[in-house]
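Q: Listed below are the residues making up each chain.
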Amino acid sequence: MNLMDRCCDECSHTLQDPCQDYIPCRTRGPLCHSGEECGSKIMRALDETIYGKDGLRVSVGTSTCGLASGAQAVYDALVGEVAKFPGTKLVRTGCMGSCYAEVIVEIEKKGHPAAIYDNVTPDKVGSIFNRYLGGEVRGAFALRSRTGAMMGEEEVPLLGELDFFRHQERDAIKNCGVVDPKSIEEYIIHGGYLALTRALKEMTPEQVIEEVTTAGLRGRGGAGFPAGLKWKLCRQVKGDTKYMICNADEGDPGAFMNRLTAEGDPHRVLEGLIIAAYATGAKEGYIFVRAEKPLMAEHLTLAIESARRNGLLGKNILGSGFDLEVRPMLSAGAFVCGEETAMIAAIEGKRAMPRSRPPFPATRGLWDRPTTINNVETLAHVPTILVNGAGEYVKVGSEKSKGTKVYCLAGKIERTGAVEVPIGTSLRRLVFDIGGGVPGGKRFKAVQIGGPSGGCLPEGCLDLPLDYESLQDAGAIMGSGGIVILDEDTCIVDLAHYFLNFTTAESCGKCTPCRIGLQAMLGTVGRITDGQGTAADVDYLQKMSNAVADSSLCALGRTAPNPVLSTLRYFRDEYDAHITGKTCPSHVCRHMIRGYRVDAALCRGCRLCVEPCPADAISILDGKDGSGKAMRRANIDDAVCIKCGRCAEECRFGAIKEVW
Amino acid sequence: MEPSKSETSESIKLVVDRVYEHYRHYDPVQSALIPLLQDIQSEVGYLPGQALERVSQLLKLSTSHIFGVATFYHQFRLRPKGRHLISVCRGTACHVGGSLKVHDLLLRELQITPQVDTSKDGAFTLQQVRCLGACGLAPIVKIDEDFYGRVDGEKVREILQRYRGAGDGGSQ
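In order, the protein sequence lines correspond to chains D and Y. If you count the first sequence from 1, position 636 lands on 636 in my numbering, and the numbers rise without skipping. If you count the second sequence from 1, position 56 lands on 1056 in my numbering, and the numbers rise without skipping.
Keep in mind the hints are simulated off the structure, nothing from the lab. For every residue, glycine included, the Cβ atom is placed at its ideal position computed from N, Cα and C. Heads up, a few of these hints could be off.
Stated by the list, open to error - Straight-line C-alpha distance at most 30 angstroms; calculated BS3-like pairs for lysine-lysine:
1. Lys442(D) to Lys1101(Y)
2. Lys41(D) to Lys201(D)
3. Lys350(D) to Lys1081(Y)
4. Lys124(D) to Lys1155(Y)
5. Lys510(D) to Lys543(D)
6. Lys1101(Y) to Lys643(D)
7. Lys350(D) to Lys1013(Y)
Claimed, not checked - Take a look, some chain Y residues computed to stay more than 10 angstroms from chain D by CB distance:
8. Tyr1046
9. Ser1062
10. Gln1161
11. Tyr1163
What the hints assert, rightly or not - Restraint ranges, calculated between C-beta atoms of paired labels, are given here:
12. Lys657(D) to Asp1144(Y): 53 to 61 angstroms
13. Ser1042(Y) to Gly39(D): 42 to 50 angstroms
14. Ser1042(Y) to Asn388(D): 40 to 48 angstroms
15. Asp1144(Y) to Lys84(D): 26 to 34 angstroms
16. Glu325(D) to Gln1030(Y): 18 to 26 angstroms
17. Ser1042(Y) to Glu325(D): 21 to 29 angstroms
18. Arg1018(Y) to Lys124(D): 44 to 52 angstroms
19. Glu305(D) to Leu1078(Y): 42 to 50 angstroms
20. Ser1042(Y) to Arg327(D): 16 to 24 angstroms
21. Leu133(D) to Leu1078(Y): 49 to 57 angstroms
22. Gln1030(Y) to Thr512(D): 25 to 33 angstroms
All chains, full assembly: derive it from the sequences and hints.
A: Below you can see the structure in the form of structure tokens.
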């Protein structure tokens, strides 16, 4: 029997006439009749879903970051290995957040500790298998729990003891890397769809809204608008046709929590969406997912299909009389789609251009009907709130913002990945305790948080508790929670230029301040990084930033000056170095390079640099070294050199150095 | 080989008409514009002018409206692409990790410019993308459907060689 099947003819559940307790019955059944035999049948099905027929489960993280690290080859090697043990359950899971340790493989023999291995390559697969099945876990990255059944257990830390994991409190991403994202059964075994059961069976839509409001859930996509209030506004509008949209169009560079969540645990997002639709009164839903993130789109689409096959979408869901159809919609990619009215235009098949609000989507949204839009991560919190109750949910978080938030750590940091911590956790904890600080002995310079709408915060802000308000005060925003760590080799002015480049290109062009103002700012910052800046430029940037922020139509324009304003606030000295010193302290802005010189001690006269030089500035000269021995070496004619740096890239001996 | 790969205007019209069948039930049918363009591009490789004109007839939308949509979103291409599509991620983490250098190296290796984005032999097209969402392994390069993390100059040359070596056959 499959876990989703009826246990016997006494079960009355059918797709046409569904049982309200269909979901809890999958794991705790049978609920409507007594029957030891049915109970053990269900237990067997449950066991087999997780461990296969022979009690052995092997999983490999094959989400996008895993694949980028070579997880496909590891998976192929595992297929070969598992063939020797035919009853084994081999699973492709999502990502558990520790990108720095990819590729990750986990093995668990029932009754034994689940052992996790990091940095796995195909050639290591055989020995991992042999040692684990031989009863030894030495050399594993971590264990999920200790059972005392294996040799070397004490030498391997528990997952929750590792620095990367021990400060985390996981909710939205707790199943990622654990469940098979293509299996509705595994999601249900981990408590999935119990929240939906409770909502549909025991609660009115108003009560669901009340619970989410009491829990203080705020939108995790950026602005932090209270989710309960958003639902209530839509609920209150009269009308039979309403829409519920899940925003999975993650476009913020440096943020990948939505991809990770939806790739690794798509049913959680879908469950949140179904509950939200029930609460707001929507009968049609969309998941708007970026085509650039194909695996996320695939997993969400599969989740929708599987939910529909099992009666969790469609007519009369779980016997409640509530109907809902959900359709995935591939976003063709535009950053401005993060603006609700722009996303609605995109779904309607138009250019994604925002319109002025009010009217808000809650009253006039998709096809002019009441519409609610929630971000992936916001929806992923909803099941927990309904299962544990708002009272539990508010125990975590800061005073004004409850619950946990997923942050992505990337850039110059030892342990990259996605982490989930209570709102209000300090940057220092994230960057140093969890992320392990800056690698290579380099000096920490700043964190960039919130992407193109956010800002750069310096060392002095490290003890800031991260919540929506404190970040805004500091000149950044929570945004989606992407944090890029910058070290001494990152030029702050170049980064401001990078973001302006981004927002200028992503500006939809509808309103003048954003379209022209950002272009003007880009030109100015570009002049500064090119070494042509003047003292007046800084004032101009201040003024133009304020103008664009004050008068743009949508949040893209209103927040686009943040990267400039925050860097001017905290890193004015770097602007000054570029403008008055005509130098880039981080050695990034290449126009500031004064020239190249050949280190005679390292040059071998090999000529590799001569041919690539587009200016023919390099010649090989005959000479003598210190001991009078004849030698040749390269010579760069400064008068001809165009400072392109090709020679330095070609040199195998590091003999050509930049002069700053 | 599917006939749809050829680019005669007749075969393009056939592709558009066939794809349209999946969407004709959309209400209003104009809302099918973006998925329709996506499907056409995945079959033809880009959006030829004839395809936009045919879509305009079927959806009863002006060609200028369709051109406006096709040029608004990053996913759409109006020029043919090579056999392999190389995407260099230009997200923040990749930028900080040196993705511009990787991009410039690829321009040189493929002997192309940002204006002419496809190599002369038609093997590779190079594009910059906003963020592929694998920031933990920056810088990222994607070739067709395969992701490569923590790339640098040397790794890029090595990966390219694999695609060139196998008669453009791909990585595996």
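Q: Among the hints numbered above, which are violated by the structure, and what are their numbers in rising order?
A: 12 and 19
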